[in-house]
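So the protein sequences, as listed, match chains Z and X. For the first sequence, the working numbering gives the first residue as 8, with consecutive numbering after it. For the second sequence, the working numbering gives the first residue as 315, with consecutive numbering after it.
Hints in this document: simulated from the structure, not taken from any laboratory. Wrong hints could be hidden among the right ones.
[Claimed, not checked] Within a straight-line C-alpha distance of at most 20 Å, the following computed SDA-like cross-link-like pairs (lysine to any residue) qualify:
| hint | chain 1 | residue 1 | chain 2 | residue 2 |
| --- | --- | --- | --- | --- |
| 1 | X | 394 | Z | 259 |
| 2 | X | 316 | Z | 86 |
| 3 | Z | 133 | X | 333 |
| 4 | X | 316 | Z | 179 |
| 5 | Z | 44 | X | 433 |
| 6 | Z | 99 | X | 320 |
| 7 | Z | 100 | X | 322 |
| 8 | Z | 11 | X | 489 |
| 9 | X | 316 | Z | 97 |
| 10 | Z | 234 | X | 426 |
| 11 | Z | 44 | X | 417 |
| 12 | Z | 11 | X | 477 |
| 13 | X | 316 | Z | 162 |
| 14 | Z | 234 | X | 429 |
| 15 | Z | 271 | X | 396 |
| 16 | Z | 160 | X | 320 |
| 17 | Z | 11 | X | 481 |
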Amino acid sequence: MTKKQNSLTSNLYIFIVMAFMYLPILVMIAYSFNNSKSRGAWSGFTTKWYADLIQNESILSALLNTLIVAVISSVIATLLGTAAAVGIQAMKKRSRDLIMNFTYLPVMSPEIVMGVSLMLLFVMFKVDFSLFTVIVAHITFNVPYVILSVLPKLRQMDKYLFEAALDLGCTPLQAFTKVMLPEIMPGIITGFLIAFTFSLDDFNISYFVSGERAQTLPVLIYSMTRKRVSPEINALSAIIFVVVLAVLILTNLNDIRRENQLQKGGRRG
Amino acid sequence: MKARIAAAPYLLWAALFIVVPMGLVGYYALTDMNGGFTLDNFVQGMRFAPVIGSSVWLAIIATALCLAIAYPLAYLISRKSANTQRTLVLLVMLPMWMNFLLRTYAWMTLLENNGVINRLLGMIGLGPYEMINTQGAVVLGMVYNYLPFMILPLYSVMTKIEPSLIEAATDLGCSPGETLRQVVLPLSLPGIATGITMVFVPSVSTFVISVMLGGGSFMLIGDLIEMQFLGNAYNPNLGAALSLVLMVILLVCMALTDMFHNPEEKEGLLL
Chain Z
8 MTKKQNSLTS NLYIFIVMAF MYLPILVMIA YSFNNSKSRG AWSGFTTKWY ADLIQNESIL
68 SALLNTLIVA VISSVIATLL GTAAAVGIQA MKKRSRDLIM NFTYLPVMSP EIVMGVSLML
128 LFVMFKVDFS LFTVIVAHIT FNVPYVILSV LPKLRQMDKY LFEAALDLGC TPLQAFTKVM
188 LPEIMPGIIT GFLIAFTFSL DDFNISYFVS GERAQTLPVL IYSMTRKRVS PEINALSAII
248 FVVVLAVLIL TNLNDIRREN QLQKGGRRG
Chain X
315 MKARIAAAPY LLWAALFIVV PMGLVGYYAL TDMNGGFTLD NFVQGMRFAP VIGSSVWLAI
375 IATALCLAIA YPLAYLISRK SANTQRTLVL LVMLPMWMNF LLRTYAWMTL LENNGVINRL
435 LGMIGLGPYE MINTQGAVVL GMVYNYLPFM ILPLYSVMTK IEPSLIEAAT DLGCSPGETL
495 RQVVLPLSLP GIATGITMVF VPSVSTFVIS VMLGGGSFML IGDLIEMQFL GNAYNPNLGA
555 ALSLVLMVIL LVCMALTDMF HNPEEKEGLL L
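Sequences are here, hints too, so could you generate the full structure?
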């Protein structure tokens with residue numbers, strides 16, 4: 008095979024896999040404008056499902072629940088996780104390994120088992136399912152991701168920097184906020200973003216601890232898919248797809264701009 | 315150093331919400347409804363051995379298919395220019411950000427008896443085919459949902475393989491096949507191991523894809539567990555026992571794949 012043919016086959020392969028990943032989503036977006044309730048038939052263009060969606064109170068309240076849970080749980084998880092990473096880094100190897108092992112437990116164990124185990128806990132101690140139980144569950148599965156994104160930054164940091172700050176008269180708190188925090192900030196932000204998006208997206212765990220009243224959007228979507236054909240789901244998917252696309256493009260453009268600036272700065276210096 | 319104290323709130327949290335709940339699962343699994351010790355839940359669980367077996371089998375097929383599709387793709391992406399790589403990785407990640415329920419719902423639209431695919435086939439005089447509510451549909455749902463989990467870790471190890479290394483292998487007389495086997499494959503083993511775990515774990519424990527695309531006509535272990543806690547078969551003791559069985563299956567799977575890599579490497583691969 009010549010080089011040209013080679014790159015043609017490789018591009019074709021990439022194209023086919025991408026088509027596999029995107030066609031279902033595109034079909035769904037197309038059907039969000041379909042006048043008919045039936046999923047198969049096409050009977051004219053409409054935007055009524057979008058109007059229905061905006062007026063659907065259970066969807067709006069589930070969306071609100073999802074956002075409340077995501078904000079509160081990711082902020083608390085970031086605080087807990089960052090503090091934990093600082094503490095774990097300062098430990099001796101043996102206790103560090105022990106703690107890291109059970110930190111991996113929620114990351115590696117199936118979500119259904121975690122959902123079930125938390126459900127048992129709440130039932131056992133007679134805690135009614137509410138936004139509170141959902142938030143507790145989300146913090147629990149999010150903290151490990153924060154720890155895992157902050158720890159590498161701590162490991163990369165020059166450990167004498169912190170001591171130097173103390174020698175130069177900083178209180179431990181000052182040394183932390185002025186020296187350590189700026190160094191590990193990228194890890195903290197990554198951890199926060201992971202926690203936030205996982206929380207927005209979670210179904211498997213929320214399903215077991217949300218009960219009737221504290222449904223998050225994914226839990227509501229699941230009950231919608233169970234009951235009947237609801238074209239609002241298509242409209243909702245289309246909106247989510249566009250929002251995600253916009254966020255990804257914006258953050259990526261930002262990254263590229265920053266890189267370009269860095270390169271320019273490097274040349275000047 | 316006193317910094318160790320900073321981990322205390324997390325340790326307390328983890329004890330309360332990770333360790334105690336896991337202990338409860340163990341406790342429920344080993345007791346009956348009145349709290350007396352029993353192994354009966356596991357004996358009952360054995361009745362569902364075929365379900366457990368087919369869950370594992372479908373998850374293995376889905377994982378193998380993901381690996382087969384993702385491996386060439388990740389390699390091809392990693393040989394592109396930096397900007398193309400960035401765009402393609404973004405394209406791989408984008409569907410992941412849509413909730414998997416919505417993505418699975420999209421396949422319901424496509425696969426139904428009077429769904430999009432059957433209508434298109436009908437136009438050229440084929441079908442209709444019974445596609446939804448089959449095992450094939452469930453496997454398809456797993457592959458579709460978890461494919462990015464396989465592509466990304468593979469890509470992140472392959473992008474670190476220097477092109478010069480592959481050129482050197484070629485210069486030294488390796489055929490493309492030998493280069494793949496002796497250079498690329500050994501270097502990508504950690505990515506394969508991570509990818510396998512990240513696809514197998516959610517596949518074997520799903521209780522949604524089987525309901526949505528399998529139509530509830532056959533069950534997976536996840537459905538069994540869900541039914542014991544939230545369904546009409548309410549029996550948390552049996553559910554807990556089944557959860558433990560699921561955990562053991564996964565521990566075995568992880569022990570098998572963990573031979574390839576150490577935990578320090580996992581951190582970067584999750585992103």
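Each hint tested on the structure:
1. Pair hint residue 394(X) plus residue 259(Z) holds up; C-alpha atoms about 18 Å apart against a cutoff of 20 Å.
2. This hinted pair checks out: residue 316(X) and residue 86(Z) have alpha carbons roughly 18 Å apart, not beyond 20 Å.
3. Only pairs whose Cα atoms come within 20 Å are accepted, and residue 133(Z) paired with residue 333(X) is accepted, the gap being roughly 18 Å.
4. Between residue 316(X) and residue 179(Z), the direct Cα distance comes to roughly 10 Å. Compliance with the 20 Å bound is thereby established for this hinted pair.
5. A hinted pair counts as satisfied when its Cα atoms are at most 20 Å apart, and residue 44(Z) with residue 433(X) qualifies at roughly 16 Å.
6. Taking the CA atoms of residue 99(Z) and residue 320(X), the gap is about 14 Å. The hint holds against a cut of 20 Å.
7. As the CA atoms of residue 100(Z) and residue 322(X) are separated by approximately 17 Å, the hinted pair is consistent with the 20 Å bound.
8. Annotation: proposed proximity of residue 11(Z) to residue 489(X) holds, straight-line Cα distance about 18 Å (limit 20 Å).
9. At most 20 Å may separate the alpha-carbon atoms for a hinted pair to count; residue 316(X) and residue 97(Z) meet this at roughly 8 Å.
10. Straight-line distance between C-alpha atoms of residue 234(Z) and residue 426(X) comes to about 16 Å, which keeps the hinted pair within the 20 Å bound.
11. Distance hint between residue 44(Z) and residue 417(X) is fulfilled; the C-alpha atoms sit about 19 Å from each other, no more than 20 Å.
12. For the given pair, residue 11(Z) sits about 18 Å from residue 477(X) by alpha-carbon distance, which is consistent with the 20 Å threshold.
13. Between residue 316(X) and residue 162(Z) the alpha-carbon distance is near 18 Å, which keeps this suggested pair within the 20 Å criterion.
14. About 18 Å separates the Cα atoms of residue 234(Z) and residue 429(X), which keeps this hinted pair within 20 Å; it holds.
15. Note on residue 271(Z) and residue 396(X): the hinted pairing holds, with a Cα-Cα distance of about 18 Å set against a maximum of 20 Å.
16. For the suggested pair residue 160(Z) and residue 320(X), the alpha carbons sit about 17 Å apart, so the restraint of at most 20 Å is met.
17. At most 20 Å may separate the alpha-carbon atoms for a hinted pair to count; residue 11(Z) and residue 481(X) meet this at roughly 18 Å.
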